[in-house]
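2 protein chains.
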Amino acid sequence: MQFYYYSLMAGIVSLIIAILAAFLVMKKNEGTNKMKEIAAAIREGASAYLNRQLQVIAVFTVILAILFYIFLKPNGLQIVIAFLVGAIASYLTAYLGMNVAVRTNLRTAKSAEKGIKEAFWTAILGGSVTGFAAVGFSLIGISVLLAYLTISNVVLLIGFGFGASLISLFARVGGGIYTKAADVGADLVGKTELNLPEDDPRNPAVIADNVGDNVGDCAGMAADVFESYSVTLVATLLIAAAFATAHGFSYPLYIAIMGVAASMISIPLMGQYGRHPNRALYVGMGSAVAIAAALDYLLTLVLHLSLLSVVPVLSGLVLAFLLFWVADYYTGGKSKSVIKIAKASTSGAGTNVITGLAVGLRSTWMPVLFIVVAIMASYYSAGVYGIGIAAVGMLSITATVLTIDSFGPITDNAGGIAEMASLPSSVRKVTDHLDALGNTTKATTKAYAIGGAALSATALFVAFAQAVHLANLDALNPTVTVGIFIGALIPFVFSSFLMESVGYAANLMVEEVRRQVRTIKGLMQGKAKPDYARAVDIATVNALKSLIVPELIAIVTPIAVGLILGKAALGGLLVGMIPSALMLALFMANSGAAMDNAKKYIESGKFGGKGSDAHKAAVVGDTLGDPLKDTAGPALNSMIKVVSTISILLAPLFLTFALLH
Amino acid sequence: MQFYYYSLMAGIVSLIIAILAAFLVMKKNEGTNKMKEIAAAIREGASAYLNRQLQVIAVFTVILAILFYIFLKPNGLQIVIAFLVGAIASYLTAYLGMNVAVRTNLRTAKSAEKGIKEAFWTAILGGSVTGFAAVGFSLIGISVLLAYLTISNVVLLIGFGFGASLISLFARVGGGIYTKAADVGADLVGKTELNLPEDDPRNPAVIADNVGDNVGDCAGMAADVFESYSVTLVATLLIAAAFATAHGFSYPLYIAIMGVAASMISIPLMGQYGRHPNRALYVGMGSAVAIAAALDYLLTLVLHLSLLSVVPVLSGLVLAFLLFWVADYYTGGKSKSVIKIAKASTSGAGTNVITGLAVGLRSTWMPVLFIVVAIMASYYSAGVYGIGIAAVGMLSITATVLTIDSFGPITDNAGGIAEMASLPSSVRKVTDHLDALGNTTKATTKAYAIGGAALSATALFVAFAQAVHLANLDALNPTVTVGIFIGALIPFVFSSFLMESVGYAANLMVEEVRRQVRTIKGLMQGKAKPDYARAVDIATVNALKSLIVPELIAIVTPIAVGLILGKAALGGLLVGMIPSALMLALFMANSGAAMDNAKKYIESGKFGGKGSDAHKAAVVGDTLGDPLKDTAGPALNSMIKVVSTISILLAPLFLTFALLH
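Just so you know, the sequences run in chain order A and B. If you're matching positions, the first sequence starts at -14 in the numbering used here and goes up one per residue. If you're matching positions, the second sequence starts at -14 in the numbering used here and goes up one per residue.
Some hints could be false.
[Claimed, not checked] Keeping only pairs whose Cα atoms sit at most 30 Å apart, straight-line, the calculated BS3-like set for lysine-lysine is:
1) A:K325 <-> B:K19
2) B:K19 <-> A:K601
3) A:K595 <-> A:K414
4) A:K530 <-> A:K12
5) B:K591 <-> A:K530
6) B:K319 <-> A:K595
7) B:K19 <-> B:K591
8) A:K530 <-> B:K319
9) A:K102 <-> A:K585
10) A:K595 <-> A:K514
11) A:K601 <-> B:K591
12) B:K19 <-> A:K530
13) A:K414 <-> A:K601
14) B:K591 <-> A:K585
15) B:K512 <-> B:K530
16) B:K595 <-> A:K595
[To be verified] Over 10 Å on every C-beta distance to chain B, these chain A residues come out as not near it, computed from the model:
17) E15
18) V41
19) A246
20) F306
21) D313
22) S332
23) L346
24) V353
25) G488
26) Y489
27) K514
28) V604
Quick caveat, the hints were computed from the structure, so don't treat them as lab data. Since this is a predicted model, take the numbers as computed values, not measurements. Note that the Cβ used here is the ideal one computed from N, Cα and C, for glycine as well.
With the sequences and hints as input, model every part of the structure.
Following this line, the structure appears as structure tokens:
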């Protein structure tokens, strides 16, 4: 039996688990009519957005498919098929995960009546649908394509990777702009001008805000990690094709299977610790890493590999845990950095944001050092193939990480529904606790996604060099230098568009909320209902409008550099882009999370507490942090992979045609 | 006669011009006793800071000199001499320039009585002292060292470059933290809490703020550009030593001489347009570039060089002008970006800073594209030596640019003195106009300094490769990859310390101002004088305390990477660091300048004007922008050159000793 039948089976098992988990969630009690009504509004908004986003994506996808078919002869058809399979699998993951999440939110709120353990488990169960769906669809897609393309054409799998990257970029950019335009807009008027609490039903932007959590943190993150997972496997298979080793092709897929097995144990284990959710998350991450490591060790024995070959996969797994930890260290609710920002808030919003950005800038050093050590360890034990394996090892526990991540938007929504439906304070205490924890999980899993993207992009860079037959890439060659400068530039320009879009759309949202408060009589007294749909529409339209330019930057820049300056410059572009994007993403994600938690720290009664001047200052920091951590930062992950995969995909063009060189 | 006697003479002439200009300034009227009193307070604060900074520098310098003497046998003595000459020349430039600036400020305020042309010329004349002193000391230092070391030992000139870099880093970091801690502290309480106008004498931090302008923008910038100028010449001489061409050694120095000549014409020319200061600056920059280009063309004819060899120097000169223009395009008082930020302020401080950072991120693309084109043009016309020549060409008009730059702190101080001494509103109108223009010049010359640093670092990178005998630097080699990641990391961590220091010291300043307002009776009624000296002391002590860690990061990281991972990783570090620092510096400098001008735009009566909510929001952006544009951003210039020069200086160590490889 071919090795890819095993991974196909693992994929099918994952999908069955996802469906089972979805069933278990759906069986749970939905609560009151009021809760159902609110959840339905969120669900409709989210589905409407995803459907409209799909239309934009479809246009891009069809155009690209036609271009690939024409320009990538003689393999055009196979590449188009792989591309479409990747795109569809990615969208299905995001779609399924989000649709379950918007049904888990109210059930989590309801189950909070029975205590924290039950609510925690409901949210985790809902999140695990996304987790297992991602690895399931990915493994099925890759395995089927391997059977269709055969090993000798494995290089065409890059089409699958690019399909996943493209969708991921759309989901990250669109979802990210949506969620933060709504969030910032809701906060700016609601909290600052009207003095409403979070998720107050009188705030016209409140439904849009809750929709945003789902389309951004849930669908966006799912597509992002689905992509990292898929692309890493593809890159490693491509590297294996060049450095043919005995187990070159099968080994990465076997590691992926071990990861699925580890997640199958670690997720229920997490549920056992539901009474102490903070500890439960560390148990989940820790056990996933430990079990995967043990299984990977056994794998080495079964496959009769040298013991040295377990080093890369271990490096990747340990890296996953360390990145998880370090994000918590810098951005955790009571970390030194967060308290420092909270303290700086006492002298105003200016010092708050200065300190917040300083924390983000500082927070880059440990992750980068960890990544660097993982790369060195992997390379010295197994060559460049080892770097791919380290990335695969790190991403093998994707199901667990995505479960923990999806926990965030689910509990965030559950808190919102509990607030809007005026559930008793005992319930709200539970949902608030889980909501706060959700903020931490979002930050920690983001660090994982960023690290995974960087490692995966490094593997893709190696694959790129092989695809364009670069034996070396001399950084002393000024053409390469020029490529490096351009590469370092892309992440800055790309994220400027995202930040600007959020600022612009939030501004519109603010105006709309102010307008409704002014024109709808009795709104502030709770006698009239706001027009939620208008706010949802503003977020939707602006997110979709803002998609185009960033997408084009990511797609057109590498093509232009490759066609005009040639493959060496394009290689330089990748070399310059990966670290630049890594730093910027870490800086943005951690600044934002730390400023968010500094605000929460003050709200817990420190430095004057809620309503104090320090609190107002901290709200400004939180507002700035929002697009940093949830729009620009995460979108960089998808961007570097779109740039990397299209560079490999179009390698034949760059080889036959280039203006200079 | 040896070619370096010509450059020695040019240096002496420059110095004579500087002294003459200083005399002309000193002859001008100092104004009222009140003005003299204020100016004396600023002068004393500035001198006190520079003297105490010198003590810290002296400790570092002596330790490093001893280490160089011991470890860099057999050339230890020559290197130490070159190092000390560089350090002393740099400090003298900063010292002289600043001492004239703190005497020009009140004379500018006084001459504003006679109209804008007279005031403009006074400020320009004072600024030209710094401009000509910088090129004078640099040319004298290099020429004398060339005579002492002889051409065959030209590589030891790197000691001079490192000396200049070290001082520059101290001046940039210390001065940058000082100026912004004082500025932010003064603004946070003064403008926001007490509703005092800028430079109100009742604000206890107002003298510290004015001192900061001098030690940061004047002394810091002078040392920075002195360093770029010197280091670029050194790097090009080093490249010439490897690719020996007929005019390899003399050509860069001749270009420098042409630049001095061009500045001698362009600066008086600027004075002629003093009635329209905005236009005058473009005249100054434009004429300097045009005259230098013409002289460099004649030089090509005289030296019988091929016409192609004029391309690099032209690229550098055009680049200088374009960088000047593009900063104005993004951050100019009425630019589209600035208005966008001002508009975003209407929905609060959050959207203001989001939009402000977005503008900064976006503003990177044109400068990088210009730099890339300049590199390509230079390389294809004259090889890697051409890149050095482009940098020399760009920096040859340093005297003009530094003159325009020093104009900023002088007019800023003049405005402050006019305000504090309650000069008539007709005078204040003139000083306010010049002060506003000074903000633009600070932004535009900063872009020049950043671009110059990037180009000069690229030339240093080439020189480094030769020093460690790297024939190529393969970015596919994971050791190099690791170096690249670490290199990209340094600027982020480095600037985090600067941002944090400003936030911390500003916080202390805020507390001190609040304390004085609370405890000194009659202060707010103008009946009692604040304790200015305490505020000055807080800024001084904290700036000096914050110097150490950033200095150590810049010095120790390359040494550690070179000794542990070897020369290839260190090469990778430079490759990763230069673009990372360039992007970050442009982003920070332009974000800050644009947010500053957005605030000023609102103050001019737009979007609600002074005192409106939009204005309060814009003040927050300005506060964040302060350390971005005046502390972290500019210090990165000095940092990349310290890292580059020490890597070359210690090349012999990395060749004989490295743990790995």
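Taking the hints in turn, this is what the structure says about them:
1. A:K325 <-> B:K19: Cα-Cα ~42 Å, so violated.
2. B:K19 <-> A:K601: The given pair, whose Cα atoms are some 40 Å apart, is violated under the 30 Å limit.
3. A:K595 <-> A:K414: 17 Å, holds
4. A:K530 <-> A:K12: 38 Å, violated
5. B:K591 <-> A:K530: Within the cut-off at roughly 29 Å; holds.
6. B:K319 <-> A:K595: 38 Å, violated
7. B:K19 <-> B:K591: 35 Å, violated
8. A:K530 <-> B:K319: 27 Å, holds
9. A:K102 <-> A:K585: Cα-Cα ~23 Å, so holds.
10. A:K595 <-> A:K514: 27 Å, holds
11. A:K601 <-> B:K591: 25 Å, holds
12. B:K19 <-> A:K530: 59 Å, violated
13. A:K414 <-> A:K601: Distance of about 24 Å is within 30 Å: holds.
14. B:K591 <-> A:K585: 35 Å, violated
15. B:K512 <-> B:K530: Cα-Cα ~35 Å, so violated.
16. B:K595 <-> A:K595: Between K595 of chain B and K595 of chain A the Cα gap is close to 28 Å, so the pair holds against 30 Å.
17. E15: For E15 of chain A, whose nearest Cβ neighbour in chain B is about 35 Å away, the distance exceeds 10 Å, so it holds.
18. V41: 22 Å, holds
19. A246: 30 Å, holds
20. F306: 20 Å, holds
21. D313: 19 Å, holds
22. S332: The claim is violated: S332 of chain A sits with its nearest Cβ about 4 Å from chain B, within 10 Å.
23. L346: 3 Å, violated
24. V353: Answer for V353 of chain A: violated, closest chain B Cβ roughly 5 Å.
25. G488: Given a closest Cβ separation of 4 Å, the condition is violated.
26. Y489: Given that some Cβ of chain B is not farther than 10 Å from that of Y489 of chain A, nearest at about 8 Å, it is violated.
27. K514: 24 Å, holds
28. V604: Nearest chain B Cβ is 8 Å from V604 of chain A, so the label is violated.
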